[in-house]
Every structure is written in C-alpha cells, then in structure tokens.
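Chemist: In case you want the letters, here they are:
Protein chains: 2
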Amino acid sequence: MTTTADKNNHQGSIILFPVPMSDGPVTDVLPELNLKLLLKVKYFVVENIRSARRFLRRAHHDIDIDALHFTELNEHTAPGDVPAMLTPALHGHDIGVLSEAGCPAVADPGALLVDHARRHGLRVIPLVGPNSIIMALMASGFNGQSFTFHGYLPIEAGARTAALKEMERAAQHRGQTQIFIEAPYRNARLMQALCRTLSPSTMLCVASDITGPAESIVTLPVQAWLKKLSASPDVIGKVPSIFLFNRQQ
Amino acid sequence: MTTTADKNNHQGSIILFPVPMSDGPVTDVLPELNLKLLLKVKYFVVENIRSARRFLRRAHHDIDIDALHFTELNEHTAPGDVPAMLTPALHGHDIGVLSEAGCPAVADPGALLVDHARRHGLRVIPLVGPNSIIMALMASGFNGQSFTFHGYLPIEAGARTAALKEMERAAQHRGQTQIFIEAPYRNARLMQALCRTLSPSTMLCVASDITGPAESIVTLPVQAWLKKLSASPDVIGKVPSIFLFNRQQ
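Quick mapping for you: the protein sequence lines, in order, are chains L and C.
Here the first sequence stands for residues 1 to 249, where the numbers follow our numbering.
Here the second sequence stands for residues 1 to 249, where the numbers follow our numbering.
Hint data in this document are derived by calculation from the structure and do not stem from the laboratory.
Worth double-checking, as some hints may not be accurate.
Now the in silico label distances, taken between C-beta atoms and shown as ranges [stated by the list, open to error]:
1. L/Ser216 to C/Ser51: 45 to 51 Å
2. L/Glu166 to C/Gln223: 45 to 51 Å
3. C/Ser230 to L/Pro213: 53 to 59 Å
4. C/Arg54 to L/Gly212: 52 to 58 Å
Each computed DMTMM-like pair below joins lysine to aspartate or glutamate, with the alpha-carbon atoms no more than 20 Å apart [to be verified]:
5. C/Lys40 to C/Asp64
6. C/Lys36 to L/Glu32
7. C/Lys36 to L/Asp28
No residue lacks a Cβ here, since even glycine has one placed at the ideal position from N, Cα and C.
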C-alpha cells in the first residue's frame, strides 16, 4: 500500500488504525501491514493519549514514543479545535488515528476529523482490524444482509421501551437485525429491560469480550434468557458486550 | 486462542475466516492468527470451492489442498442440506467457513450454517478481517454511532425510488448513515438513480476497491456527483463499490 505521502504529493494521508479490543498478542487481531505502517507515522490523533502509548508499546516494544506527537480528540474536545489537528497532513506528514479500542471513526469523535480531512481533499486510508459490530453479527447467525446499529439506547425507561418496540417492529416485519451497545456496568439493567420488553420468541444474541479470553457469543430466545436471569440476574457480568436481536428465522 | 476442539471437548468449533477483498499480500489484511488457524482446519464450508482453494494457496503456498474437505454453501444450496454440513464438528473436528471475499455470514448464506451451529450448541469463533461496510464507514466521515446496512436496493425503478426516499428521511431526521451495495455492472445506473432521487445537498460517499490498488473513497454532495456524472457518466467504472449517504453535518 502506498500512502499519499509516499507518492511525493505535498499532503499526508489520514490512516485509520484499529486497536485491539482485548489483551493478548496484537498479531491475533491486526494484520502485519498495520504494524509496518505504524512505524512510519510520527503524528497521531488519539482518543486517549495514555492508552495510545500503551498500544504502541504493545505493537512495537522498542518504539521511540518520545519522537511521536500526540493530540487528543474525544468527547471533551471543542469541535472548533479539530481542523487544526490536520496541519501536519497539510505539510506532508501522515496522521495516524487511534481509538481506545476497535476501529476509529465508527463510534467515536474521529469521524469529525475524517469529515474535515475530506473537505481538505486529504486521502483517508481505513485499515483492517477488530470491530465488535461485524464480528458479533458474523457469529450471531442473524441476517447480515439488513441490519441497523443504534449505538446506545435511551437511558430513560419510557424512551428505551418505545425505542425497543420500534426496533422489534423492524425485526418482525423486515427481518432486520437490531444491534446496540451499553456501558458494561449497566449490562444487568439492560438485560432486564430487554427481557421485559421484547417478545418471548424474539432471538437475542449477547456477544461479550469479543477476541478476549472470556469470549462468549450466545443466541437464545428471550424466554430462555429470562430463565437464565431468574437463576442469575447478573448473568453477563460487567464485561464489554454488544447486543443483537431479530425475529425467529 | 483455544478452540473447542483444543479443549478436548467432543465437539469442534465453527471458525469464521474472512477472505481478502483484493489481490496483494494476505498479511496486509489478515492477522497472523488467522493464517495459523487455517493450517489446523481440515473441513471447510465455502461459498465457492475454486476461490476457496485459490485463497488457501495464497495464504499457504505449500498447503496440502488434497488433504482438505470442502462443501459448498451458496445461493444454490437447498436449506435442507445445511444441517448435515455440521457433521464433522459433531464428531470433534473444527469447521472453517469461507466467503468468496470479506467476512463470512454477513452478506452470504453462511449465516444459515451459523444459525444451525447455535442450535447444536457449537462454539462459533469470528476472526478479524476486511469488511467493506465498516471500512467504508470509517473512511466516509459519516456518523458511525447510527447506521443501517440495506444490502442491495430494489432493482425496479419505482420501488428503488421509494426505498431511497425513505432512507433519506432517516438520514435527514436522525442523522442515520445509509449504506448499500450494487452489482458492479450496475454502478453507473445506480449513480444516476441516486443523483436523480436524493436531495442535492445530501452527502454521498462512494467507496471502491477497498484495500485494493485502485482504492478510492470519495464523499461529496449529490450536486457535485451530478457534475462529475455529466462529464463522465461511468465515473466509478465496474469496480466493486459500496455506497453511503447522510445529511450534511
């Protein structure tokens, strides 16, 4: 792969580097190309500087971290500060973008940087890496030809119930797989809400610790989850999880 | 990673192996773990036997293909033939699942095999690999917190226009990114339909040959695509492409 900078153009590229979602060898979840390109990049825009440094040391234990430039872009960043983050690329340097975990610019503020990069005509290069949405969908057994990712559901009970009812209609009528996430400490509350709100025959998949040592991807009818919950209310635990449901096939 | 078979359980696992979407070194798009696990698997369920053999030789040029067992699962397969494909796993052998390109069981009949595997309580292991939906979304600059993948749009003009109008409402009202694919030989016709149907200010991203040498991911307002089309009606060519749109941010 040649980046814009390689081509001797005067602008650098924006390279989107996925980050592992679990411990263990980075070569289990990242292609060799990513690790090679990481060594060429001196400017990084990252969701969290500490976890970015930790990842870079895991990827290359002898990397010279002090020679690298980091700028943070996360939910605390003022949108007006984002355009200036592209300055290195406008001067010919590639910029690496790193999330805390998974693929950057999917469910984090990196998308705003990519949007500005596009306006400047900068090349944006997405690299392969772990993504919980696609990996959970692959292993769920659900329809992958039609699906919606909703991010987080509303926290307020009434709004969440209304959202789930609308999502269940899309599943029933169109067989569209419904996918969403929750903060791990709210897993138990979410599971109760799902089991109370969804039809007993709706199929619910819970995918936890994807790529990790406790990976668990389980698809069962809501009525079977209800039984599990009555035996053990915190059946999932506080493990990072992603939730999917669809009608019976 | 330990598979169920490694654990000395009596059942094998179903391992979902992504396949590159373009030529070039497999290590550019697949982690080393995938290549290691491929060598341990003797039973494969594949979308197309010829392309599966070609991929296995690209991954390991000295692999003994004749020692491997292949069963085809694609749109010509009778659904009643799928359960028997799990027999090797029930006898303790891992089964590898391969699409023609990209991640298995997302937009191909592999999902049916996974669904049956779940009913048998078999472990299903999704591996990391290239996925055009997520990679295009990352590089589009669009909202990744809320998106829908629609597969193929209706071919009939009236039904397609109605579908696009409904999708544009979800983009306008909720900022939900709309994603879909088309057979490459219909790219030009689809682009004309998009430019005729969508609002001139809607942002349209076309991502072509992702991970390939001609990779191109371009986001422009529909009115700018219209100008390109009037200069060159076949602006995308017959390259495998994925299409995304959303409202102006």
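Chemist: Of all the hints given earlier, name the ones this structure violates by number, lowest first.
Modeler: Hints 1, 2, 4 are the ones this structure does not satisfy, whereas the remaining hints hold.
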